[in-house]
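There are 2 protein chains.
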Amino acid sequence: MKKENSNTKMKKVFPFGEDLGGAKILIIGAGLCGSLLALRLAQRGYQIELREERSDLRKTDISAGKSINLAFSDRGIKALKMAGVVDKVFPLCIPMTGRMIHSIESETFLSPYSARDGEYINSVSRGQLNGLLLDEVEKFDNVNLQFNCGCTSVDLENNTATFFDKNYNQEEMVTADVIFGADGAGSILRKEMFLQREILFSYSQQFLEHGYKELSIPPTESGGFKTYKNALHIWPRGEYMLIALPNLDGSFTVTLFLPHNNSVYSFSELNTDEKVSNFFQKQFPDALELMPNLIDEFQNNPVGNLGTIKCSPWSYKGKTLLIGDAAHAVVPFYGQGMNASFEDVFVLDKFIDRHEGDWSKIFDEYEKERKRDADAIGDLAVENFYEMRDHVSNPIFKKKREIEIEFEKRFSYYSKYSMVTFREDMGYDEAMRIGNAQDKTLLNLIANNKLEGLEIEELFELVKKGVSEILDDDKVSKMMQH
Amino acid sequence: MKKENSNTKMKKVFPFGEDLGGAKILIIGAGLCGSLLALRLAQRGYQIELREERSDLRKTDISAGKSINLAFSDRGIKALKMAGVVDKVFPLCIPMTGRMIHSIESETFLSPYSARDGEYINSVSRGQLNGLLLDEVEKFDNVNLQFNCGCTSVDLENNTATFFDKNYNQEEMVTADVIFGADGAGSILRKEMFLQREILFSYSQQFLEHGYKELSIPPTESGGFKTYKNALHIWPRGEYMLIALPNLDGSFTVTLFLPHNNSVYSFSELNTDEKVSNFFQKQFPDALELMPNLIDEFQNNPVGNLGTIKCSPWSYKGKTLLIGDAAHAVVPFYGQGMNASFEDVFVLDKFIDRHEGDWSKIFDEYEKERKRDADAIGDLAVENFYEMRDHVSNPIFKKKREIEIEFEKRFSYYSKYSMVTFREDMGYDEAMRIGNAQDKTLLNLIANNKLEGLEIEELFELVKKGVSEILDDDKVSKMMQH
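Going line by line, the protein sequences match chains U and P. In this note's numbering, each number is its position in the first sequence, counted from 1, plus 4. In this note's numbering, each number is its position in the second sequence, counted from 1, plus 4.
Honestly, the hints are just simulated from the structure, not real lab data. The beta-carbon is built from N, C-alpha and C at its ideal position, and this holds for glycine as well. Certain hints may be false.
[Unchecked claim] Here are the computed lysine-lysine pairs in the DSS-like style, where the Cα-Cα straight-line distance is at most 30 Å:
no., chain 1, residue 1, chain 2, residue 2
1, U, Lys413, U, Lys444
2, P, Lys375, U, Lys375
3, U, Lys402, P, Lys479
4, P, Lys479, P, Lys28
5, U, Lys217, P, Lys314
6, U, Lys469, P, Lys444
[Said to hold, decoys possible] Just so you have them, the derived chain U footprint on chain P, three or more residues with Cβ under 8 Å:
no., region
7, 168 to 179
8, 201 to 214
Use the sequences and the hints to build the structure in full.
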C-alpha cells in the first residue's frame with residue numbers, strides 16, 4: 005500500500021462501512037501511542053477505527069490521571085519525524101540540558117546530560133502533545149475517532165472488541181481484521197490474552213514500594229520561572245526524592261516519590277498538614293519556599309503507584325497486537341515511557357514496510373526485535389530510580405560523571421544515559437549492556453583508587469579495555485547459560 | 005507453645021469446635037508442602053484444618069498430574085529431619101550419584117554430581133512420599149484432614165475460605181486465625197491476592213516454549229533395571245532432551261522435553277505414530293530399545309507446561325501466607341521444587357520459634373529471608389535446562405566439570421550444583437552468586453586456553469582469585485544500582 009503524507013484528506017468510513025481495500029484496523033486507546041499509531045497507519049491508507057475510553061482531552065480540563073509533563077527525546081523525535089509532525093512539537097518543548105541537584109543544605113549544582121551540544125531532553129505537556137497528534141489524526145477521513153468508548157472485552161477468536169459507549173449509554177461491538185491494544189498499563193486486550201489458557205502468556209507486574217504525588221511550583225507573577233528553567237530538578241534524599249520539570253507557562257510540575265508505608269517518612273505517615281510541612285521544611289527547604297500551595301495539593305492530589313509490566317507474546321494469530329504501555333509499562337525514572345511507545349510505532353512501521361499485508365510475519369518479527377529492548381528499558385528505568393534518588397549525590401558517582409563528561413568532550417564516548425537517551429540508532433538492550441559494562445569498569449577503577457597519575461587518554465584506553473573484557477567474558481558465560 | 009514430637013496423640017477437633025488455645029490454622033492443599041507444614045504445626049500443638057482438592061492419593065490410582073518421581077536432596081532432608089520423619093523416607097529412595105549422559109551414537113558416560121562420598125540425590129515417588137507424610141499427619145488428633153474439598157475463593161478481609169466439598173456436594177466456609185495457601189502453582193489464595201488492588205501484588209509467570217510428556221522404561225521380567233540404576237539419565241540433544249529417573253519397582257520414569265510448536269521437532273509436529281517412532285529412532289535409539297510402550301504412552305499421556313511463578317508479598321496482614329509452589333513455582337530442571345518447598349517449612353519454623361504468637365512478624369521476617377532464595381532457585385532451574393539439554397555434552401563444559409571434580413577431591417570446593425543441592429547450610433541466592441562467579445571464571449580460563457602448564461594448586465588459586473574479583477566488582481556496581 006502506498007504511503008500518503010500527513011496532509012492528504014481521505015474518505016471517511018464509519019465502522020468500516022465501505023470497503024476501501026486493505027485491512028480494517030481497530031485501535032483501542034487514543035493516548036500518545038494509539039494516536040501516533042493511528043496517524044501512521046492512516047498515512048499508509050488503512051481504514052481505522054480509533055476508540056478512547058476518556059473524553060476528548062482537547063475539550064476538557066480533566067487530568068488524564070497520569071503525569072502532566074514528560075521528557076521527550078531522540079527516540080520519540082525519530083518516530084514523530086517519520087510521521088512528519090515533529091516540527092509542530094518543538095514549539096511545545098522546553099529543553100532540559102541536565103539535572104539540577106538540590107542538596108539538603110539548599111545548594112545546587114548542574115550535572116549536564118552530555119558534554120555535546122544538542123544532546124538534551126525536552127519537557128513537554130502530555131495533554132498538548134496528545135492533542136496535537138489527535139488534530140493530525142482527524143485530518144484523515146479514513147480514521148473514525150470516538151471518545152468516551154471504553155473497551156470492556158475482546159473476543160480473540162473472532163477479533164471482536166466490545167465497548168461501552170458513554171455517548172449513547174450502549175454497548176457496541178467492533179470486528180476488525182487487526183486489533184491493536186494501545187490501551188495502556190491496564191490494557192483490556194492484555195488481560196484477555198492473560199486469561200486465554202492456550203496462549204501460555206508470560207506476564208510480570210512489579211510494583212515499587214514507592215508511590216508518587218504531583219505538586220507544583222507556580223510561575224512568578226510576571227509569568228516567569230521561579231527557579232532555573234532549563235533543567236530537570238532533583239532533590240535526592242536516599243529513601244525518597246522530589247523532582248520538578250518546567251512548563252511553558254512558567255510553572256513547574258513537581259513530583260514527590262515516597263514509600264507508601266513502612267518508613268519514617270511515607271505517604272501513610274504524612275497524614276497531617278503539620279507533618280507534611282515539617283517534612284518539606286526539613287528535607288526540601290528551598291523547594292518549600294517556591295510551593296505556596298503545597299498543603300492544598302498534598303491533601304487533594306491522589307497517590308499513584310509505580311509499576312513495571314512485561315509480557316509475551318504480544319500478538320495472537322497475526323490478528324491482535326499489544327503496543328506501548330499495554331505491552332511494556334515502565335516506571336518514569338528514565339524519562340523513556342513515551343519515547344519507547346513512540347519508538348514501538350517506528351519499529352513496527354519498519355516491519356510493515358518489509359512484509360506489508362502479512363500481519364502475522366510483521367508481528368512476529370516486530371516482537372523478536374523489540375521485546376528485548378522493551379525488557380531493557382523496563383529494567384533501566386527501575387535502576388535509574390536508585391541512581392536519581394541516591395547516587396547522584398554520591399562522591400564515587402559524581403567522579404564517574406565528571407570523567408564521562410571529559411570522555412564525551414574528547415572522544416567518541418557515550419555514557420549509558422546518553423546511549424539510552426540520545427542514541428536512537430541503538431536499541432535499549434545494547435545501550436544497557438555496553439552502559440553497564442562502562443559503569444562497572446569506571447566505578448571499580450574509582451572505588452579502588454586506580455585513577456592516580458593517569459592521563460585522560462590512558463584512562464580512556466583502560467576503560468575501553470575493561471568494557472571489552474566484560475562484554476567478552478559475559479559472552480562466554482551467557483553462551484553457557486542459554 | 006511446647007513442641008510435641010511426632011508420635012503424640014492429641015484431641016481431635018472439627019472445624020475448630022473446641023478451643024484448645026493457640027491459633028486455629030487452615031491449610032489449603034495437602035500436597036508435599038501442605039502435608040509437611042501440617043505435620044510441623046501439629047507437632048507444635050496448633051489446631052489444624054487441612055483440606056485437599058484431590059482425593060486421597062493413598063487410596064486411589066489417579067495420577068496427580070504432576071511428575072511421578074522427584075529428586076530428594078539435602079534441603080528436603082534437613083526439613084524432614086526437623087519433623088522427625090526422614091528415616092522413614094530413606095527406604096523409599098534410590099540414590100543417583102551422577103548424570104548418565106547418552107550420546108546420539110548411544111555412547112554413555114557418567115558425570116558424577118560430586119567427588120565426595122555422600123553427595124548424591126535420591127529418586128523418590130511423589131505418591132509414596134506424600135502418602136507417608138499424610139500417615140504422619142493423621143497420627144495427630146489436632147489435625148482434621150479432608151479430601152475432595154477444593155478451595156473456590158478466599159475472603160482476605162475476614163480470613164474465610166470457601167470450599168466445594170465433593171463428598172457432600174456442598175459449599176463450606178472455614179474461618180481461621182491463619183490461612184496457609186499450600187495450594188500449588190495454580191493457588192486460589194494467590195489469585196485472590198493478585199486481584200486485591202490494595203496489595204500492590206508483584207507477580208510474574210514465565211513459560212518456557214517447551215512442554216513435557218511422561219513416558220516409561222518398564223522393569224526387566226525379573227523386576228530388575230534395564231539400564232544403570234543409580235543415575236539420572238540424560239539424552240541431551242540441544243533443542244530438546246529426554247531424561248529418566250529410576251523407580252523402586254525396576255522401572256524408570258522417562259520425560260521428554262520438547263518445544264510445543266515452531267520447531268523441526270515439536271509436540272504439535274509429532275502427530276503420527278510414524279513421526280514419533282522416527283524421531284526416537286533417530287534421536288534416542290538406545291532409549292527406544294528400552295521403551296516397548298512408547299507409542300501408546302505418547303498417544304495417551306498429556307503434554308504439560310513448564311512455568312516459573314514469582315510473587316510478592318507472600319502474606320497479607322499477618323493472617324495469610326503463600327508457601328511452596330503457591331509462592332514460587334519453579335521448572336523441574338534443578339530437581340529442587342519439592343526440596344525448596346520443604347525448606348520453606350524449615351525456614352518458617354525458625355521464625356515461629358523466634359516470634360511464636362506474632363504471625364505478622366513471623367511472615368514478614370520469613371519473606372525477607374526467603375524471597376531472594378526462592379527467586380534464585382527459580383532462575384537457577386531455568387538456567388539448568390540449558391545446561392542439561394545442551395552443555396553437558398559441550399567440550400568446554402565437560403572440561404569445567406573435570407576440573408571441578410578434581411577441585412572437590414582435593415580442596416574445600418563446591419561447584420554451583422553442589423552448593424545448590426548439597427549445601428543445605430547455604431541459601432540458594434548465595435549458592436547462585438558464588439556458583440556463577442566460579443563458572444564464569446572457569447569457563448573463561450578454558451575458552452581462552454589459560455590452563456596450559458598450570459598445576460592444579462595454581463589453577464585453584466587462580467579460580468579463587470577470579471571469583472573474589474567478580475564478587476567484589478559486582479558489589480561496587482550493585483551498590484550503585486540499588
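Hints, one by one, checked against the model:
Proposed proximity of Lys413 (chain U) and Lys444 (chain U) is supported: the alpha carbons are some 21 Å apart, at most 30 Å. About 27 Å separates the Cα atoms of Lys375 (chain P) and Lys375 (chain U), which keeps this hinted pair within 30 Å; it holds. Proximity of Lys402 (chain U) to Lys479 (chain P) is assessed by CA-CA distance (about 18 Å); at most 30 Å being required, the pair is judged to hold. A hinted pair counts as satisfied when its Cα atoms are at most 30 Å apart, and Lys479 (chain P) with Lys28 (chain P) does not qualify at roughly 44 Å.
A C-alpha spacing of about 29 Å is found between Lys217 (chain U) and Lys314 (chain P), which places the hinted pair at or below 30 Å, so the restraint holds. With a C-alpha separation of about 18 Å, the suggested pair Lys469 (chain U) and Lys444 (chain P) falls inside the 30 Å cut-off, and the hint holds. Figure legend: the region 168 to 179 of chain P, annotated as covered by chain U; annotation inconsistent (0 residues with Cβ-Cβ distances under 8 Å, at least 3 required). With 8 residues having a Cβ less than 8 Å from any Cβ of chain U, the region 201 to 214 of chain P passes the three-residue criterion, so the hint holds.
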